[in-house]
Amino acid sequence: MLPARLKSQLLEDRLLTEAQFSEVQEEHKSSGKRVVEILLEKQLVDEDSLIESFAKHYALPVMDLSNVNFDEQLQKILPGSLCVKHSLIPIGQRGETLVVAVSDPTNVQAIDDIRFETRLKVKLVLGRPSTIKQINERFHGMEMADLNTAFEGEEYQVDESAEIEESGNIDENDAPIIKFVTGLLVEAIKTGVSDIHIEPYEKELRVRYRLDGDLFEASRPPKNIKNALIARIKVLAKLRLDEKRLPQDGRVRMKISESRAVDFRVNTLPTIYGEKVVMRILDKSNALFTLDQLGFEPDDRERFVDAISQPWGMGLVTGATGSGKTTTLYAALNMLNTVDVNISTIEDPVEYNFSGINQCQTKEHIGLTFAEALRALLRQDPDIILLGEIRDTETAETALRAALTGHMVLSTLHTNNAPSTIMRLKDMNIEPFLINSAVRVVVAQRLVRKICEKCKTDDTRVDEKTLVRLGFPEKVIGKFTPKKGAGCTHCRKTGFKGRMAVHEVMSMTDKIREVIGAGGNTDEIRAIAVKEGMRTLQMNCMRKVIRGETTLEDLKLMGD
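Going by the working numbering, the first residue of the sequence shown is number -7, and it counts up by one from there.
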């Protein structure tokens, strides 16, 4: 049963309704989980509000643990399993009294366990659960408790077709390492991160995750597990264990269920303190976006779809590395993928496998370049070709001529906006007549952060002069208030949750072709394109700011 005092506390502070309390009570009975754990997992209560409530009702001080320098020797006074299990951390000792930061002062069992282990008196202070978890991960490794429930009923299995027992590096005594690596991958998938960084330094080992474009520290495992940790990952990725001088590339597959598998693209890089490992998460369920989900403005989406639905021509998606170009092209292929068309791709590497699409991976070390693969592919009777990237003049010219001979060609370039794409092709010695004849549409895109819906609030720091300076039309000023995220547990106190694309769609009209044929520069092409109905990246980002989807800070990063 839940303590009556806790129920009255939650209801009195209006953190929980009677109905929500009944829901928590039922889960507490069925799962045996602590109340605080249930409240935070279900996001029924913000962790700061919960800590403030405990401070008031239990007369305990709240300590900001994020800036505390912890004594490593002090952390050894309690078993790591106990600290992780009860979400607590020792922060000081005064004679016969141990000062412990906890997130749940109702956990009497935790206090009894501490007294039993240390034979010391216990003094409690309150700390944020997320901060305590991060500190425990730093000193005791990631929480690996009950990995079998990590996906709430879904089974998962790492592909271990390599013979681990014969590697000579991992045996039954390394079960904790095996469990740690599996947990690392599971946690990354659950959190929705895009990359895992495992970084060795002189005196420490650090694990970081990249989420929504930003890196954050996930764990600081003990430095002495470095070699075993890297060896385990290399075994799973089928890399050479004895090669530590050169970079290596591999792949790990984790099966989540019968219908879902997640791939990890693994790269190792020798550093002065050992091999650094970066694992890119390739979750096909995240790649199966529709164009409607990518942030296109409705009229821009219509122009793009109309252009790439033609029987021949070229559609280009441009932007910086990591701006979501491939995701946009995959969404386009998903829309175009019907039984009556032959779709083929040339990629380096093939990141996601799609049913009904023929995918070819380049192998430059044996001469299978983009240009060579494209020439071979043209003899395969394709209707639609996705070319992962146009990197050189030979590839560009072959792709453009393919677009003129009855094929729809989709590809990417690294340019900052749509008009500058034309100049990039010219710099590759492509004749203007070939560009005008083949290219139908150019889409430039960048990613912006989405404001967390759980903590979205008005940005009161902004005045009308700032909006005018940023270029907002006078007719909209005063009719909207910019938004920001206040920060909550749902968004890890960042104020942002997820990302979306901002697009600039330039359809190749007759007037734009005239400017290109006359040798016009980027500014001249842009001016005509805007007159012809193109909205710039900045214009479309303003629309998202007005709708409260992103912030003024992200708008400022649009530039020209």
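I should point out that these hints are in silico values taken from the structure, not numbers from a laboratory. The structure displayed is predicted, hence computed values, not measured ones. There may be inaccurate statements among the hints.
To be verified - Straight-line alpha carbon distances no greater than 20 angstroms define the calculated SDA-like cross-link-like pairs of lysine to any residue that follow:
hint, residue 1, residue 2
1, K(-1), T98
2, K125, F13
3, K446, D204
4, K25, T98
5, K182, G205
6, K25, P97
7, K467, D515
Stated by the list, open to error - Each pair of labels, with its calculated beta carbon distance range:
hint, residue 1, residue 2, range
8, R252, T282, 38 to 48 angstroms
9, N59, G525, 48 to 58 angstroms
10, A519, Q35, 42 to 52 angstroms
11, F472, G525, 22 to 32 angstroms
12, I217, R6, 26 to 36 angstroms
13, K457, I217, 19 to 29 angstroms
14, G205, K457, 57 to 67 angstroms
15, E516, R252, 46 to 56 angstroms
Cβ coordinates follow ideal geometry from the N, Cα and C atoms, glycine included.
Here is how each hint holds up against the structure:
no., hint, verdict
1, K(-1) x T98, "holds, 11 angstroms"
2, K125 x F13, "violated, 25 angstroms"
3, K446 x D204, "holds, 17 angstroms"
4, K25 x T98, "holds, 13 angstroms"
5, K182 x G205, "holds, 17 angstroms"
6, K25 x P97, "holds, 15 angstroms"
7, K467 x D515, "violated, 26 angstroms"
8, R252 x T282: 38 to 48 angstroms, "violated, 18 angstroms"
9, N59 x G525: 48 to 58 angstroms, "holds, 52 angstroms"
10, A519 x Q35: 42 to 52 angstroms, "holds, 49 angstroms"
11, F472 x G525: 22 to 32 angstroms, "holds, 24 angstroms"
12, I217 x R6: 26 to 36 angstroms, "violated, 46 angstroms"
13, K457 x I217: 19 to 29 angstroms, "violated, 55 angstroms"
14, G205 x K457: 57 to 67 angstroms, "violated, 30 angstroms"
15, E516 x R252: 46 to 56 angstroms, "holds, 49 angstroms"
Violated hints, listed in ascending order, are 2, 7, 8, 12, 13 and 14; each of the other numbered hints is respected by the structure.
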